[in-house]
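Participant: Line by line, the protein sequences are chains G and X.
For the first sequence, position 110 matches number 336 in this note's numbering, and the numbering has no gaps at all.
For the second sequence, position 371 matches number 1647 in this note's numbering, and the numbering has no gaps at all.
Everything labelled a hint here was simulated from the structure, so no lab data went into it.
In silico SDA-like links for lysine to any residue, alpha-carbon gap of 20 Å or less:
{"no.": "1", "chain 1": "X", "residue 1": "1577", "chain 2": "X", "residue 2": "1558"}
{"no.": "2", "chain 1": "G", "residue 1": "376", "chain 2": "X", "residue 2": "1541"}
{"no.": "3", "chain 1": "G", "residue 1": "277", "chain 2": "G", "residue 2": "379"}
{"no.": "4", "chain 1": "G", "residue 1": "454", "chain 2": "X", "residue 2": "1323"}
{"no.": "5", "chain 1": "X", "residue 1": "1643", "chain 2": "G", "residue 2": "464"}
{"no.": "6", "chain 1": "G", "residue 1": "407", "chain 2": "X", "residue 2": "1592"}
{"no.": "7", "chain 1": "X", "residue 1": "1330", "chain 2": "G", "residue 2": "453"}
{"no.": "8", "chain 1": "X", "residue 1": "1643", "chain 2": "G", "residue 2": "471"}
{"no.": "9", "chain 1": "G", "residue 1": "372", "chain 2": "X", "residue 2": "1611"}
{"no.": "10", "chain 1": "G", "residue 1": "373", "chain 2": "X", "residue 2": "1544"}
{"no.": "11", "chain 1": "X", "residue 1": "1338", "chain 2": "G", "residue 2": "453"}
{"no.": "12", "chain 1": "X", "residue 1": "1339", "chain 2": "G", "residue 2": "440"}
{"no.": "13", "chain 1": "X", "residue 1": "1318", "chain 2": "G", "residue 2": "453"}
{"no.": "14", "chain 1": "G", "residue 1": "228", "chain 2": "G", "residue 2": "398"}
{"no.": "15", "chain 1": "X", "residue 1": "1570", "chain 2": "X", "residue 2": "1662"}
{"no.": "16", "chain 1": "G", "residue 1": "372", "chain 2": "X", "residue 2": "1541"}
{"no.": "17", "chain 1": "X", "residue 1": "1311", "chain 2": "X", "residue 2": "1326"}
{"no.": "18", "chain 1": "X", "residue 1": "1674", "chain 2": "G", "residue 2": "472"}
{"no.": "19", "chain 1": "G", "residue 1": "441", "chain 2": "X", "residue 2": "1499"}
{"no.": "20", "chain 1": "X", "residue 1": "1610", "chain 2": "G", "residue 2": "390"}
{"no.": "21", "chain 1": "G", "residue 1": "454", "chain 2": "X", "residue 2": "1328"}
{"no.": "22", "chain 1": "X", "residue 1": "1673", "chain 2": "G", "residue 2": "471"}
{"no.": "23", "chain 1": "X", "residue 1": "1399", "chain 2": "X", "residue 2": "1517"}
{"no.": "24", "chain 1": "G", "residue 1": "372", "chain 2": "X", "residue 2": "1547"}
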Amino acid sequence: MKILVFIKQVPNTTDVKIDPVTNTLKREGVDSIINPFDMYAIEEAIRVKEKLGDAEVIAVSMGPQQAVEALKEAISMGCDRAILISDRKFAGSDTWATSYTLSQAAKKIGDYTIIFCGKQASDGDTAQVGPGISMHLDIPQVTYVKKIEKITVSSAVVERMTEEGYDIVEVPLPAVLTVVKEINEPRLPSLKGKMRAKKAEIPVWTAEDIGCDEKMIGLDGSPTRVVKIFTPPPRGGGRLLEGDPAETAKELAGLIKKEIIG
Amino acid sequence: MKNNDAIIILNEKCTGCTLCIKVCPFGAILIKDKKAVIDLSKCTLCAACVEACKFDAIIIRKKEKAVIDLSAYRDVWVFAEQKKGKVQSVVFELLGKGRELADKLKCNLCAVLIGENTQEGAKELIARGADKVYTVDSPHLKVFQDDPYTRVLTELVSKHKPEIVLCGATTIGRSLISRVAVTLRAGLTADCTGLDIDMKEKLLLQTRPAFGGNIMATIIAPDSRPQMSTVRHKVMQEAEHDPGRKGEIIEEKFPEATYASRSRLLDVVEEIEETINLAEADIIVSGGRGVGNKENFSIIKDLALSINGAVGASRSAVDADWIPYSHQVGQTGKTVCPKVYIACGISGQIQHLIGMKSADVIVAINKDPDAPIFGVATYGIVDDLFKVVPLLTQHFKKTLA
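From just these sequences and the hints, can you work out the full model?
Facilitator: What follows is the structure, encoded as structure tokens:
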């Protein structure tokens, strides 16, 4: 049984700062990490394997060559193997082209039972790729999965998080499951895992290898286009309230009341 | 041989000045043999470098366009999400913005309501500004399920060809609209904070945050239709309710097979939190490391109660077990956008700010004058929260009761 986990290497957004002079993103010294939500996807995939036995967890990433580091980290956590999808022709892929490309990779791997994704990536923050993959592969999906209650090789009963609580959904497999942070606590890599990751050979598949239609990838495959990138005006110009607590509390209460009541 | 790369550096023009490297938000450019080289596997074609280059040495090639007749697409649509038959308030905000867009484009504003017993909802949508409401009514559609809703919305859009479709960036909305967009090969932009029309090109300009809100991007979908966007709750202004408004209700029907679902909804569980749902709250009072211990958190809860607000917390407070994870605001917790966010004893690390800096008014109460939270606060008090917060609570109890 094959369990796929699609992961993305992203810049550590907490390290990203705006250069006050050029007003652009400062990228020096910014670490690349596995997208935080994907850590939970990797962990859940490994737990499902541990529950069902006789399964293979394959981590897959579409990205530049350095994404191999992220895939090795996935292996060190317990994924059995990993594949990098990389090609200059993917440049400028939006979520349509990305979900198409990843679904082509899934088709090439073949015979998958579950595809795990994190809910969204912390750089793009769209949450569109997981559902996109389910459409390209024409398999069902459940998003915002916060718990897998029951799982067999042919179906799963999961909890889908909603604004009011959760739904309990039974979904036939194969299916795409996108997960939220509530689902588990990702494990730390073991020493054995790190050694496996070090030795692991990670194949790189190109657009041609996975049979991509050139009109559906990269620039040509992306219906959306970024026309402008700018830094938001910094919040600032705030006011410090001065005085003893009795005074400041009173002033603040007045200001807040005005905000709420108008 | 023709270079088919999406973006090309003209070596004869490139002087290796590295200006492009400095502006690239994605670290996709480096210098090799004194010329700039773009790593295409990192490049997102944001064109920041193209604009920045003083020597016009960078060009993005023309896109192979799928030719569709864009003029066949008219009208602004809003997906009217309903739960238990009640139209969700984010829809009224979408209708508010949708009306602006429709007026600029001189076209109709329409709503799509999928569910059971949709008549009342449809009337509400008209009162809120919809010129037309397409309803699809069936007991199979009473509750949201991915398959039937995806099929129904896709069919409706294919049939009526709206040029713009807006949808709430809710749990349902985001899952649903992503799938519809893929089938239609339509451009979809998530979590838009700004929507406008480029009047020259008659295109929808979609602005949204990226990199955790550190940068903003404006996006277009020039060659595909419809142009689709999701918008979060409390970002746009609600359309006013005018019961006198007139509009058309068009009932659409589909064969039973359209409503089939591969997955089965077994149960719907509601978890009522002791205070209001954090993500929807207009007022949030949050406690951080400065609160000190679990018992002291009651001070935060009391303030929240006095002002009818929800209780939030920083990661430090949650990790220390002073309050459950469901209250955590920040990068690994919830993202909130209330009218008023009161941060008590919270230093304001970037991981926390990511979750709350889009609040209208940020209040910071902290003993440490150098706490980063004061950099984003609208109002700040550098003082002991144990002195200020109870006094605040008293004020609100007296005057807001």
